[in-house]
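J.: Work out the full structure, taking the sequences as your base and the hints as a guide.
Protein sequence lines, in the order shown, are assigned to chains A and B. Residue 1 is where the first sequence starts when you use our numbering, and the numbers rise one by one after that. Residue 1001 is where the second sequence starts when you use our numbering, and the numbers rise one by one after that.
Hints listed in this document are in silico derivations from the structure and should not be mistaken for laboratory results. Worth double-checking, as some hints may not be accurate.
Here are the computed lysine-lysine pairs in the DSBU-like style, where the Cα-Cα straight-line distance is at most 35 Å [as the list claims (entries may be wrong)]:
{"#": "1", "chain 1": "B", "residue 1": "Lys1139", "chain 2": "A", "residue 2": "Lys159"}
{"#": "2", "chain 1": "A", "residue 1": "Lys61", "chain 2": "A", "residue 2": "Lys34"}
{"#": "3", "chain 1": "B", "residue 1": "Lys1034", "chain 2": "A", "residue 2": "Lys53"}
{"#": "4", "chain 1": "B", "residue 1": "Lys1139", "chain 2": "A", "residue 2": "Lys99"}
{"#": "5", "chain 1": "B", "residue 1": "Lys1053", "chain 2": "A", "residue 2": "Lys61"}
{"#": "6", "chain 1": "B", "residue 1": "Lys1061", "chain 2": "B", "residue 2": "Lys1020"}
{"#": "7", "chain 1": "A", "residue 1": "Lys159", "chain 2": "B", "residue 2": "Lys1034"}
{"#": "8", "chain 1": "B", "residue 1": "Lys1034", "chain 2": "A", "residue 2": "Lys61"}
{"#": "9", "chain 1": "A", "residue 1": "Lys61", "chain 2": "A", "residue 2": "Lys99"}
{"#": "10", "chain 1": "B", "residue 1": "Lys1051", "chain 2": "A", "residue 2": "Lys53"}
{"#": "11", "chain 1": "B", "residue 1": "Lys1053", "chain 2": "A", "residue 2": "Lys20"}
{"#": "12", "chain 1": "B", "residue 1": "Lys1020", "chain 2": "A", "residue 2": "Lys51"}
{"#": "13", "chain 1": "B", "residue 1": "Lys1159", "chain 2": "A", "residue 2": "Lys139"}
{"#": "14", "chain 1": "B", "residue 1": "Lys1020", "chain 2": "A", "residue 2": "Lys61"}
{"#": "15", "chain 1": "A", "residue 1": "Lys99", "chain 2": "B", "residue 2": "Lys1099"}
{"#": "16", "chain 1": "A", "residue 1": "Lys148", "chain 2": "B", "residue 2": "Lys1159"}
{"#": "17", "chain 1": "B", "residue 1": "Lys1061", "chain 2": "A", "residue 2": "Lys99"}
{"#": "18", "chain 1": "A", "residue 1": "Lys20", "chain 2": "B", "residue 2": "Lys1034"}
{"#": "19", "chain 1": "B", "residue 1": "Lys1051", "chain 2": "A", "residue 2": "Lys34"}
{"#": "20", "chain 1": "A", "residue 1": "Lys61", "chain 2": "A", "residue 2": "Lys51"}
{"#": "21", "chain 1": "B", "residue 1": "Lys1034", "chain 2": "A", "residue 2": "Lys34"}
{"#": "22", "chain 1": "B", "residue 1": "Lys1020", "chain 2": "A", "residue 2": "Lys34"}
{"#": "23", "chain 1": "B", "residue 1": "Lys1061", "chain 2": "A", "residue 2": "Lys159"}
{"#": "24", "chain 1": "B", "residue 1": "Lys1148", "chain 2": "A", "residue 2": "Lys159"}
{"#": "25", "chain 1": "A", "residue 1": "Lys99", "chain 2": "B", "residue 2": "Lys1051"}
{"#": "26", "chain 1": "A", "residue 1": "Lys20", "chain 2": "B", "residue 2": "Lys1148"}
{"#": "27", "chain 1": "B", "residue 1": "Lys1139", "chain 2": "B", "residue 2": "Lys1159"}
{"#": "28", "chain 1": "A", "residue 1": "Lys61", "chain 2": "B", "residue 2": "Lys1159"}
{"#": "29", "chain 1": "A", "residue 1": "Lys20", "chain 2": "A", "residue 2": "Lys99"}
{"#": "30", "chain 1": "B", "residue 1": "Lys1139", "chain 2": "A", "residue 2": "Lys61"}
{"#": "31", "chain 1": "A", "residue 1": "Lys61", "chain 2": "A", "residue 2": "Lys139"}
{"#": "32", "chain 1": "A", "residue 1": "Lys53", "chain 2": "B", "residue 2": "Lys1139"}
{"#": "33", "chain 1": "B", "residue 1": "Lys1148", "chain 2": "A", "residue 2": "Lys53"}
{"#": "34", "chain 1": "B", "residue 1": "Lys1061", "chain 2": "A", "residue 2": "Lys51"}
There are 2 protein chains.
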Amino acid sequence: MADVYHHGNLRQALIDAGIKIINDYGEESLSLRKAAAMCNVSHAAPYAHFKDKEELIEAIKNDVTERFMQELESAVEGGASADEAIIAMGRTYVTFFSKNPVYFVFLFGKQNIKAHLKMDKEYKNDYPPFLLLRRMYLKHLEENGLEKTFEEQEIELIKIWSIVHGMASIACMKGVKSSIDWNDIDERLLV
Amino acid sequence: MADVYHHGNLRQALIDAGIKIINDYGEESLSLRKAAAMCNVSHAAPYAHFKDKEELIEAIKNDVTERFMQELESAVEGGASADEAIIAMGRTYVTFFSKNPVYFVFLFGKQNIKAHLKMDKEYKNDYPPFLLLRRMYLKHLEENGLEKTFEEQEIELIKIWSIVHGMASIACMKGVKSSIDWNDIDERLLV
DNA sequence: CCTTAAACTTGACAATGTAAAGATTGCATA
DNA sequence: TATGCAATCTTTACATTGTCAAGTTTAAGG
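T.: This is the structure in structure tokens:
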């Protein structure tokens, strides 16, 4: 079909194609066959690299999350104190999804809800952005000489994340007038 | 196919069937044909009541939103002051989705993002729960003799909503340890 | 050179959304 | 009451899609 029988790096090419489709036409337009076509391979070729459509989506999700994490990390590096870092992180968090609403649904939609259908995985706080936030939060406690129980920490972390994540969510939602400047988040909210 | 040619109330029956499918098997299992089968009508019968699958989904969404609003409203009625009402509303908001994670994604997923693809509708703050919150918020301002510009109001509203909506979102997410009691939300967060 | 496993193709099938054409029904109205 | 019409529903058909099975090509190593 193409010049070469072996594509060379079909796996990554499919991920890239998938991202392009999602960006251009939305998540529901993503199909294995379209992605395959964009890579000039047959419709069944993806199955050499992904067990099913689910696995491609998972791979794309990882790819997007990585880019997201890069922005977050470079935001965190900018701040001198932990407090500044956390605020910068919140700003970046909201801005990233405000600029890419499609990614928000893609990352936090469907597959990411607690499916009371199939409880296959253990729930654990291993979401990379959350780990980063926790690291900064602990640094914040240390810098300010604060002592909190694990329980208290957990709750405060969830609170912070709720605000930021909620803002991102709302920034992405239809029906929300954009009179809010998502780049100018009130700092008092964040620590 | 069935006893009677005219079903009687196929429209609502399809909505109910759709909700049942979503609850039992998840959103991605929802298909017009299955819903039709559950109502003992042919696979094309739904097209007499809905333009396409999209329109059925929209109808289901309205149905769920209505139930959600009922819970919110009865929560609001319980509170003596506006402040209490807002807190009760926040609690209900989080609890509702904590109990029905599937609904969260269903209501706020896919179709509800700002699709930079087709900007068909004007963005407006007409989401019923938001309207209720605004009403309570204005009452709160009045009761406490506070004066705010429209801009300030808008921002504060978004903040409150962010926290609550964010908590709901996180409560629904995989990867989040449920050491948090989503029924015991710290009141200091909410006003 | 030959074997083998990975990467890819072709062909098939079932599920789905949807369009078109026709059948059935209830109901208003002449 | 009879008739016509619009709403409701069925049947048929087709394109898209996920997925499987069987076969083909290729690279790479013994």
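J.: Checking one constraint from the list: CA of Lys1034(B) to CA of Lys34(A), max 35 Å. Satisfied?
T.: 26 Å, holds
J.: When you check the alpha-carbon spacing of Lys1034(B) and Lys53(A), does it fall within 35 Å?
T.: 22 Å, holds
J.: For the pair supplied as a hint, Lys61(A) and Lys139(A), is the alpha-carbon distance within the 35 Å limit?
T.: 29 Å, holds
J.: Is the hinted pair Lys1020(B) and Lys61(A) satisfied, with a Cα-Cα distance of at most 35 Å?
T.: 29 Å, holds
J.: Are the Cα positions of Lys148(A) and Lys1159(B) separated by 35 Å at most?
T.: 26 Å, holds
J.: Could you grab the alpha-carbon distance between Lys1020(B) and Lys34(A) and see if it respects the 35 Å cut-off?
T.: 32 Å, holds
J.: So if I understand the rule, the pair passes when the alpha-carbon distance is 35 Å or less; does Lys61(A) with Lys51(A) pass?
T.: 16 Å, holds
J.: Given the hint that Lys1061(B) pairs with Lys1020(B), does the C-alpha gap stay at or below 35 Å?
T.: 13 Å, holds
J.: Measure nothing beyond the straight line between the CA atoms of Lys20(A) and Lys99(A); if it is 35 Å or shorter, mark the hint as holding.
T.: Roughly 16 Å separates the two Cα atoms, so the pair holds.
J.: Would the pair Lys1139(B) and Lys99(A) pass a check requiring their Cα atoms to be no farther apart than 35 Å?
T.: 34 Å, holds
J.: What's the verdict on Lys1034(B) and Lys61(A), does the C-alpha distance respect the 35 Å limit or exceed it?
T.: 29 Å, holds
J.: With the threshold set at 35 Å, check whether the alpha-carbon distance from Lys20(A) to Lys1148(B) stays at or below it.
T.: Not satisfied, since the Cα-Cα distance of roughly 44 Å exceeds 35 Å.
When held up to the earlier numbered hints, the structure conflicts with 7, 26, 30, 32, 33 and fits the remainder.
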